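Which chain is which? The protein sequence lines are A and B, in order.
According to my numbering, the first sequence is numbered sequentially starting from 1.
According to my numbering, the second sequence is numbered sequentially starting from 1.
Bear in mind the hints are in silico, worked out from the structure with no lab data behind them.
In this text the structure is predicted, and so the values were computed from the model without any measurement.
Relax, there's no trap hidden among the hints.
Computed footprint of chain A on chain B; a stretch qualifies when at least three of its residues, placed anywhere within it, have a C-beta under 8 Å from a C-beta of chain A:
(1) 369-381
(2) 387-400
If you anchor each label on the Cβ, the simulated ranges turn out as follows:
(3) B:367 to A:279: 51 to 61 Å
(4) B:413 to A:234: 49 to 59 Å
(5) A:182 to B:50: 17 to 27 Å
(6) A:208 to B:50: 23 to 33 Å
(7) B:288 to A:234: 24 to 34 Å
(8) B:214 to A:33: 17 to 27 Å
Each residue gets a CB set at the ideal place from its N, CA and C atoms; glycine is no exception.
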Amino acid sequence: MYKSVLFGVLTVSGLVAGAATAATLDDVKARGSLNCGVTTGVPGFAAPDANGVWEGFDVDVCRAVASAIFGDPTAVNFTPTTGQTRFTALASGEIDMLARNTTWTFSRDVDLKFEFTGVNYYDGQGFMVPKDLGVSSATELDGATICIQTGTTTELNLADYFRANKISYEPVPIETSAEARQQFLAGACDVYTTDASALAAIRATFETPGDFTVLPEIISKEPLGPLVRHGDNGWGDIVRWSLNAMITAEELGVTSANAGELSGGSDNPEINRLLGSEGNLGEQLGLSADWAKNIIMSVGNYGEVFGTNIGENTPIGIARGLNAQWKDGGLIYSPPFR
Amino acid sequence: MSELSFVRTEMLPEKEPPAGERGVIKWMRTNLFSNWANSILTIVAIYVLYAALSHILPWFLNSIWRADTLTECREIRDALNNGEPSACFAVITERWSQLIFGFYPQHLYWRPIVSFVLLFVALAPVLYDTVPRKLFIFTAIYPFLMVWLIWGGSIWGLLMVIAGFGVGYLAFRALTAVSGLVAVIVAFVAPVIWWLYPSGLVGDALQSIIPIAIESVESRSLGGFTISVIIGISGIALSLPLGIVLALGRQSDMPFVKYMCIGFIEFIRGVPLITLLFTALLLLNYFLPKGTNFDVVIRVIIMVTLFAAAYMAETIRGGLAALPTGQYEAADSLGLDYWQAQRLIIMPQALKISIPSIVGIFIGLFKDTTLVIFIGISEMLGFTNLIRANTAWNGIYWELFIFVGLVFWICCFSMSRYSQWLERKLQTDHH
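Bound conformation, chain B alone (with noise of 0.2 Å):
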């Protein structure tokens, strides 16, 4: 066994693995035909894929983008697309203004532009902490600016508005030495008080003085995207501190605060949005003396902020109690008192832990805006009707929807997006 011929001295190079081992086949015996369950799967996924892109693509493809009618859309596709199935898009082509601005007069359109491009600005101090924090001093102001974009009018309304808070924060100094607690109440009380009365004569006289009005948009004229815009922002940017003051109540061991907290959200909670919406806009007007100027605009907000701060509570309450009660116990130890541990310590954690639910509900609140079609709101849906109304478009019907889908889509995905990218910027745990 010793005479050994021949031993091979260097490594034979290595040889390609056989081609049912490699690529693309290797990449499909794996993963779409592993077994004869999966096989039979795939081929009916592919006929599916196959049996729907077939109507639609060529739909999609030979779409019109310019007629003045429906029946002109039919009568181009019969020329040039031989009576194939086509898509028309004209009515977008022609309408898509509407849609997004509704029955807003069509000079001012840059205002509701200029709000929107603001409200980015407005909005970058807080979603990116890489923004000069100065600019946080604009967000504090853009509500403000956004109402008067939007509905115009005199500028001194509006600046009668922000010194009602100058009101409660003089109040709240000058009394804060006599006691904390009446200051605080004086300082809610007495920007009401402002509101109600003199800020309105005040507003007029500045006026009448040195005048600086833009022309003034009524509610009604509001629709489309924008409307959806402005109920799902300022329902966002209300609920989520109004449901972090319920999560805390619920939590609080003062018993009145608690209850009224409970009741509140299990209240909301317990009835359908579209119930809410129609006690703002039917009930209402029964209850409030004739003539009460109260914008159905805002009805709405404070409706759809209430529903959605009541979600929001619970969701926070979630991450709450996902913290650790040493968490708390260091809080305590370190001699914080209760705002500060909330603010400092519990609040940073519990919101993080809950981040993909709020902006969940977020995202829900958008796309519940809606509803308000049924309230004879016209936003995009309710515009759709009013477009089909027209003896031109009569008989649209998938185009439309296509477009607003489109629009919701874009706006959602990209709230799931930046949520994505803030849960991974703020993961501080070590895998």
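Only chain A is shown next, with the shape it has when bound in the complex (with noise of 0.2 Å):
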């Protein structure tokens, strides 16, 4: 009965916080910064610079949720998070929004009480192998020696794969990236299996990338995305929009060098409304009519912040592949701006 009691008044005290939460779009403009939760560390998406300035392709997406409500991409807190802590830090308000690599899942959005706001990089899991282990597709992997990091989903998805296809394998467990690199350089381990986008940042790191190649089949998917709590739909619309108005800025060719121009009107109806000259979206979102084009302005759309961080273009050399608009055959989609 005691104990009915207790979760009783911490039933209240959840009430109680998710009441005063409401408003974020209010707190954080009261505040005149966002708090963005970001990872430990992924290259590409997320790492601090010599200057400990965060830049990556998910801190852009902070940056850009910023630069709709400030005009400034730099009014952001970055507060790294580790798998642990990033879904506590959101739901206790530590933290606005979360933009880390996080798996859009059907408990984590149901179960834990998250909104996820869309997905700015489809991933899923792959295999890197030396070149002269002489395979050339997942299926003739049977019996291989594979590096997997303890605990996470890609674990899982590995199992499910090689049973399905009535072959085995030899887990070395791994704790971190940096050691996965470590073993499987060593000859540790014939595989090393994660998420498609980290195989490729970190095989640009080996010294003769040439040897080493990553297989063809990608077994799992992994629709990476920002995410915010439930319980204030308003502010999920922000995050949610910002996203798509980078999205939709590339599908209509409007860059950060152009916006600037293209904001003193245009033929085009859609490139009037996403960036100002046309219609009240910005209004709607509570936001100022040049939302939009600040983003644009001073993050880049979805292609250009694609092709500074994680492009060809880069070290880490990821080609668009899933991520290309759905024009070229992507999944990058946005609904119209309407």
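Each of the two chains sits in its own frame; use the hints to bring them together as a complex.
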């Protein structure tokens, strides 16, 4: 009975807490900066430079939201979160949004009471092998030793995939990606498996990347995207449409270079609505009319952000693939600005 | 038999021992090759040493200290060292300030540095009895000064905290004539009330009249070695007195105090530190009201302190148990009360016995500060991950760990040497 009283108190305090955070946008505006949760370091996605300034593909989502609200991409406090602390940090209100390589899954969306506001990167689990192993497909990996990070969904995906294909493997448990790299190069395992984006990033750091190859099989769906708490749909809309503004801008050919010029008015009504010269989309979000223009001017459109952080001209060198615009055969697709 | 033809009249000069019985050869024969088993061990050990050094030494000697990226490091290595293995310490050259100061604003680096230097001034009277005793005044002020220097903000907030102690003291003086017990209780309660309610208002008022403030720095900007020192030093300074109190409480005759202390010690010792840290960071967030600004660094310091104090209590209890009963009886026969006996006779001896273990706990605590990486605070090891996540340095490994290891080794080795010096100085038994 005492237990139920205790839980009752906890529930009530939880409800009170939920009500108190209803207007995240007001809190953020009063604070003058956005609290954004990022990773504790994933190459290309989030990392501080030599001056402590955060940069990366996920970081730019935070900067886009800050630009939409304040017109200033630097008005962000970055909070590094680990796999264990990320959800509590978001649920407790320590951060306003999380942009941290987080896979959108049913239980995270429903059970943990979060709202994923879109997908900024479609990832999937892949395999990397040395070329001299002579393997061209994951189905030929029978009996291989595989380096795998413990306690991740990749571990479960791997078990499922090998069982479905009726082949065996020997796991080599690894704690961090830096350790995985050392073990894989030292030959402690034949294969390294993790998300394909991370494989590309690690392969780029090898002295002889050409001696290693990423197998064509992708064995899981890992849609990564920013998320917010349940209970403040207005705030969720701001994060969702900040990301969509970047995607739509790429689709419409609006870049950081020409957004200023196009905002004066163009022949395309959707560009006009996006950049605020027509309609009142910004007002509907509770933001200024030039919110999307600020995002594109200061952070860039989706393609530019992809290109500068993880694209083919960077050391990481990831091809657009699934992350190309829907017109180019990819999955990146934004609902219309109307 | 009596006609001896020759009797030597002077001593022969001493001859040198045979070549096999002196110098290097003798030393090697006795220490390295005394029998066949030891000889084999020696040869194996020499081979292992050679094998290790022949790989590591060239890597160190070829170190590259100036480059902007790992790729550039490799190019320099191929050009200068013919592609032989070379350490790329350029990453330390570029990022050492982050490893030391974390995200602390660069133009304010002087503040942690000044705090660190002043730390030794504050510690001097504690560590060495030849230092003027008056420095203890500075030691008492130092914790507040350090908080102000590191976190910044208005100086009035800091002075209001110090004023709380004054409030407690005044309350004690005013009420001590009425009743000793009431005075003690009020002396503890009054400052808490002061800190909770009027101190903020008074501080703000004074700040608006005479504004003295330095740029404030938030806890999330702390990191690297700085956060380890802050947590480590605070934990060390707070856990020793708390540990003494717990050890005495556990030996107390008062059952309530005794079982409280036993319960606390056994609970904390039965739980891993990482669990306590997760509790501090994650669980408390759910229980505290939304918007409560309970600084994460303070939460970690509290947890680390409680953890170390439980171990400290048991160590000191060991020291207390090692004292002969005669010492307690001697104190009683001199007519000393409990606290006088503890202060003058028991504790000095018990603590002396416990020095090696106490310093062991300090060193362990200092190294445990790296565990905060798991709750998302970027201490030095956390920064090795962040640095590796930058595309310029992705793939660098040993150089960062060697640097971090070296910094920790210097700190822990100094503590260890100091404790050995202290033990020798306090040695009173006659050998």
